[in-house]
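Undergrad: Put together the whole structure using the sequences plus the hints.
First to last, the protein sequences are chains F and B. Numbering (the UniProt record's numbering) for the first sequence: 1 to 104. Numbering (the UniProt record's numbering) for the second sequence: 1 to 255.
One thing to keep in mind: the hints can contain errors.
Stated by the list, open to error - Partner residues are not named here, just some residues of chain F that face chain B (Cβ under 7 Å, in silico):
no., residue
1, Gly9
2, Ala11
3, Leu17
4, Ile40
5, Ala47
6, Gly70
7, Ala74
8, Leu80
9, Phe84
10, Val86
11, Ala92
12, Ala95
No wet-lab data here; the hints were simulated from the structure. Treat the numbers as computed from the prediction; the structure is a model and nothing was measured. Just so you know, even glycine gets a beta-carbon here, dropped at the ideal spot from N, CA and C.
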Amino acid sequence: MTLWIAIVGTAVGCYLLKLAGLSAPRALLDHPVVAHFAAIVPVALLAALVAQQAVTSGPSFDFDLPRLAGLAAAVAALLLRAPFLVVLLAAAAVAAGLRLLGLG
Amino acid sequence: MSEAQPPPPSAPAEPAPRDHPSPVRSGLAVGLAVGPAGIAFGTAATTAGLDVWQTCVLSLLAFTGASQFALIGVVAGGGSPLWGGVGALLLGARNTLYGLRLADLLQARGPLRRLVAAHGVIDETTAVAIAQPDPKSARTAFAVTYATLFALWNATTALGAVAADRIGDPDAFGLDAVGPAIFLALLWPQLTEGGTRLRVALGGAAILLATTAFLPPGVPVLLAAAAAAVPVAAQALRTAGARPSDGNGDERDRP
Numbered sequence: 001m002t003l004w005i006a007i008v009g010t011a012v013g014c015y016l017l018k019l020a021g022l023s024a025p026r027a028l029l030d031h032p033v034v035a036h037f038a039a040i041v042p043v044a045l046l047a048a049l050v051a052q053q054a055v056t057s058g059p060s061f062d063f064d065l066p067r068l069a070g071l072a073a074a075v076a077a078l079l080l081r082a083p084f085l086v087v088l089l090a091a092a093a094v095a096a097g098l099r100l101l102g103l104g
Numbered sequence: 001m002s003e004a005q006p007p008p009p010s011a012p013a014e015p016a017p018r019d020h021p022s023p024v025r026s027g028l029a030v031g032l033a034v035g036p037a038g039i040a041f042g043t044a045a046t047t048a049g050l051d052v053w054q055t056c057v058l059s060l061l062a063f064t065g066a067s068q069f070a071l072i073g074v075v076a077g078g079g080s081p082l083w084g085g086v087g088a089l090l091l092g093a094r095n096t097l098y099g100l101r102l103a104d105l106l107q108a109r110g111p112l113r114r115l116v117a118a119h120g121v122i123d124e125t126t127a128v129a130i131a132q133p134d135p136k137s138a139r140t141a142f143a144v145t146y147a148t149l150f151a152l153w154n155a156t157t158a159l160g161a162v163a164a165d166r167i168g169d170p171d172a173f174g175l176d177a178v179g180p181a182i183f184l185a186l187l188w189p190q191l192t193e194g195g196t197r198l199r200v201a202l203g204g205a206a207i208l209l210a211t212t213a214f215l216p217p218g219v220p221v222l223l224a225a226a227a228a229a230v231p232v233a234a235q236a237l238r239t240a241g242a243r244p245s246d247g248n249g250d251e252r253d254r255p
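TA: Right under this line is the structure:
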């Protein structure tokens, strides 16, 4: 029962958090300082997410060789101006390939 | 699987400008690449002790991967599910910040549209939407990513929950490397421009790396928002000061 309460609470809470940003009042969104912050804050959050997914696992650091090599392959593809899908395939192929070889 | 993806039928005939992949194609690619992670969630949730219904309800109604994993992580570790819920909400709080940006970009008219759009405000949809050159493409990209990911995430959650022990680890296909590669690729055009956005991105990543070891999961990513507050405060101070603005205000006209 506690589990169901936690599940429903999480679901409702997560939805309300999403809705809160999207429903911010017009006057707030039009304020120059808020508008400037809102425009660049996804860049900060998503960049942090890249770092998090690259070198952490749960609450601690985790330097996984195939994963890091896959990400490095993605960076190489981006530097070569490869299309989006090629970037993703490069990351997957290198990480999966190294795991197939038994590394990591 | 991204490898098996056919060319999207509705992609525009003309190639999009160099730094902006077509909204439909990038939305489908992100949905197809991230969606299968639902298998990992379904498997982990049933292993943690949730039944199939509880697992599927979470994916359908919470629909924000990091929060879902946070809840079941606590349950798996024997902690109180209610504390798991608190952790899940901490991780979900960043979606509020995304919503501030998407409110302007999506211009969801009418309460019903906004209620439906709100459920899709997550990392992936935001990343694809803000990578678009104009609001119209951003809306298309958001909708395609949302629809593809929602369908696939829920289907694979059910699959993982029902057939937990008969399915391999998605990481064997390198999907754990694809996750960060997606966000990096979508941010890339803004990063290579240099300037404020590059500094904000580097600052956000640095804050995360510096605080991960000390703070509960979810808090470091939220704290990274401070990297965006620095140039905003500097700009506000300049504007408020005697000197006229030096014209950095164009930042907010970008999608």
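Undergrad: Under the constraints set out in the numbered hints, which ones does this structure not fulfil?
TA: 8, 10
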